[in-house]
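So the sequences go chain by chain: A and B.
Just so we're aligned: the first sequence equals residues 1 to 294 in my numbering.
Just so we're aligned: the second sequence equals residues 1 to 319 in my numbering.
The hints are simulated quantities; they were obtained by calculation from the structure and are not laboratory data.
Ideal Cβ placement from N, Cα and C applies to all residues, glycine included.
Honestly, I wouldn't trust all of these hints.
[Unchecked claim] Cβ pair distances, simulated, as ranges:
#1 Leu-297(B) / Asn-154(A): 27 to 33 angstroms
#2 Ser-239(A) / Ser-309(B): 28 to 34 angstroms
#3 Leu-186(A) / Asp-208(B): 27 to 33 angstroms
#4 Val-302(B) / Gly-151(A): 51 to 57 angstroms
#5 Arg-56(A) / Pro-236(B): 23 to 29 angstroms
#6 Ser-317(B) / Asn-154(A): 34 to 40 angstroms
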Amino acid sequence: MPEVQTASRGTEARQRTGASKQDGGHWIARLIVIGAAIITIVPLIWMIFISLQKPRVIISMGWGAEFAVDNFAEIFDPRAVFGGQVINSILLVISATAITLVISALAGYSLSQLQWSNRVVVTVLSVSALLQVIPPMTLVPGLYATLTNYGLVNSLTGLILLNTVFNLPFATIMTKFYFDTIPGELRESAAIDGASEFGAFRTVMLPLAAPGIAAVAIFTAIQVWNEFLFGLVFTTGGSQAPITVGIAALIQPQEIKFGAMAAVGVVTAVPIILLAIVANRQIVAGLTGGAVKG
Amino acid sequence: MSTTARAGATSGGRDVDRPHEQRMHRRKQIHWFKYLSVLPLLIFFLVLVAFPVGQLVWMAFGRVRLVAGNFLWRPVGFDNFTEMMSDRVFGISLWNSAVFITSTVVLTLVLGVLLALATERLIRGQQLAQNVIIWPAIIAPVVISVIWLLILSPQIGLLNRILISFGINPQAWLGDNFGAMASVIVVDVWHWTPIVFLFVYTALRGLDPEVLEAASVDGASYMQRVRFVVLPLLAPAILGAAAIRIIMGVKVFDEMYLLTFGGPGTATTVISIYLRSVFFDAFEYGYGAALSVTVVLLVLLVLILVFVSRSLIRRLSRA
Chain A
1 MPEVQTASRG
11 TEARQRTGAS
21 KQDGGHWIAR
31 LIVIGAAIIT
41 IVPLIWMIFI
51 SLQKPRVIIS
61 MGWGAEFAVD
71 NFAEIFDPRA
81 VFGGQVINSI
91 LLVISATAIT
101 LVISALAGYS
111 LSQLQWSNRV
121 VVTVLSVSAL
131 LQVIPPMTLV
141 PGLYATLTNY
151 GLVNSLTGLI
161 LLNTVFNLPF
171 ATIMTKFYFD
181 TIPGELRESA
191 AIDGASEFGA
201 FRTVMLPLAA
211 PGIAAVAIFT
221 AIQVWNEFLF
231 GLVFTTGGSQ
241 APITVGIAAL
251 IQPQEIKFGA
261 MAAVGVVTAV
271 PIILLAIVAN
281 RQIVAGLTGG
291 AVKG
Chain B
1 MSTTARAGAT
11 SGGRDVDRPH
21 EQRMHRRKQI
31 HWFKYLSVLP
41 LLIFFLVLVA
51 FPVGQLVWMA
61 FGRVRLVAGN
71 FLWRPVGFDN
81 FTEMMSDRVF
91 GISLWNSAVF
101 ITSTVVLTLV
111 LGVLLALATE
121 RLIRGQQLAQ
131 NVIIWPAIIA
141 PVVISVIWLL
151 ILSPQIGLLN
161 RILISFGINP
171 QAWLGDNFGA
181 MASVIVVDVW
191 HWTPIVFLFV
201 YTALRGLDPE
211 VLEAASVDGA
221 SYMQRVRFVV
231 LPLLAPAILG
241 AAAIRIIMGV
251 KVFDEMYLLT
261 FGGPGTATTV
271 ISIYLRSVFF
281 DAFEYGYGAA
291 LSVTVVLLVL
301 LVLILVFVSR
311 SLIRRLSRA
């Protein structure tokens, strides 16, 4: 009897709405999904194709092709700013993600496990949720004044702090909910075994939350890598700017440098897509913000 | 601190006191770690949220100039807010945001639900399909703009190449008012349908198979099952996705900034685009702050309305 149940569960898991091979709707479903996949992939391939073409092919409006790496050579020329901007983006991702993780793990754990009153927990979560809802552009005037006070306009440090604070709400909420799934008795028994409160957190609870924190880490890293608004308004767009702002510099109303633009686009998008293929589960968990179990 | 515990354990004579001693010891530990663990979050929120919000409100009631890195503030009372009433472009930007949000939310919801249902019906390749479909949602908005400029550009775009191949006149796309708004809507739908898909698809996979099985035993067709069983069960997930999409619509900036820069004219000037230009092109810091405060209050008002109407509906349906 148990085997029968597992078997039926297995097939059900694949088709909850109950499709079968004889079902007439099946090929329509396949058509829709294949269509969606094509619509997703073709624009990406077109960008990669353009990035590998010589300028005269790009402006020709025909269907010719002349493969060359000129555009990549141009953007990674030592005299160009893009190399430095890629490094800025990498530093930004590493620092902002690391700080976000440390702060949100501590706060999420504290709110979930250390017997805060309900009112405190609800207040922190509400403020966090509110920060997610407000358009970042509305806070720019205030942030600009604040960063000016500390002399952090046009600096990587300023961008690291801003990216951290705007990723903290989501990271804290998600980490808190993940810690909620871990039984508090584990912490208590660690304490009885002589571990300090911090020791119980570091050696027992934190490792148990690793899958949740990994999802938060990957999601935060992607958000920081993709961030544009703060980079745009808080740097002058030169050697202090992240790569996303570097792209914007190639798109001017008077002239768009299509080849270089496509090449920077490829450099910015490909690492993320590779990540999506390898770490799909964590990304899905981050995007749906839901329960990551195991 | 573990050294004290070990010391207690080795001094055999005082074994009786151990539990009590440790309880004391733990309570003391909780004391500082409990507060220390939320302190960094608190500091970040105070310095980089509360303080800037305070600055924002303060600026909103003044005429503010930036002189040699210092903000000079002169009080003007509610002048900035009354000025807003006669600001035609602010009204236009609110309207454009409303048009943009309504169209993109409806389109992404319909397409996302359709795609989730279709993917779930596949016999093979569900995992692969899910993996590919979510790509646009994680690519930088800036790159999304690059991708679509390469498609929509009148000079070199893919779309006009295709039109020319079929002997049709090339179009301006982003160049005229209607085309520009339609284009940014299409781009946004391409960008964010995946997130709706993912929400609904995840919920779909979490449905109780027995309910669905019962429906199919009753002889309901696929369409009937979807209409009367699946969609009602998915309603919470779809509403959740709608809420997130609306918030994203209010925030939208990156794509517009690069694809159309709010133009032609003010055809695609949404809230965030207008705020940026007031602040960084016109250097009207005080007025920009007043606009920001108004937008934040509008967002809060809408949120409160949604919450109130939701609890009203719940109470009515219970009565």
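Against the structure, the hints:
1. Leu-297(B) / Asn-154(A): 27 to 33 angstroms: holds (31 angstroms)
2. Ser-239(A) / Ser-309(B): 28 to 34 angstroms: violated (50 angstroms)
3. Leu-186(A) / Asp-208(B): 27 to 33 angstroms: holds (30 angstroms)
4. Val-302(B) / Gly-151(A): 51 to 57 angstroms: Hint violated: Cβ distance 37 angstroms, outside 51 to 57 angstroms.
5. Arg-56(A) / Pro-236(B): 23 to 29 angstroms: violated (55 angstroms)
6. Ser-317(B) / Asn-154(A): 34 to 40 angstroms: violated (55 angstroms)
In this structure, the earlier hints numbered 2, 4, 5, 6 are contradicted, and the remaining ones agree with it.
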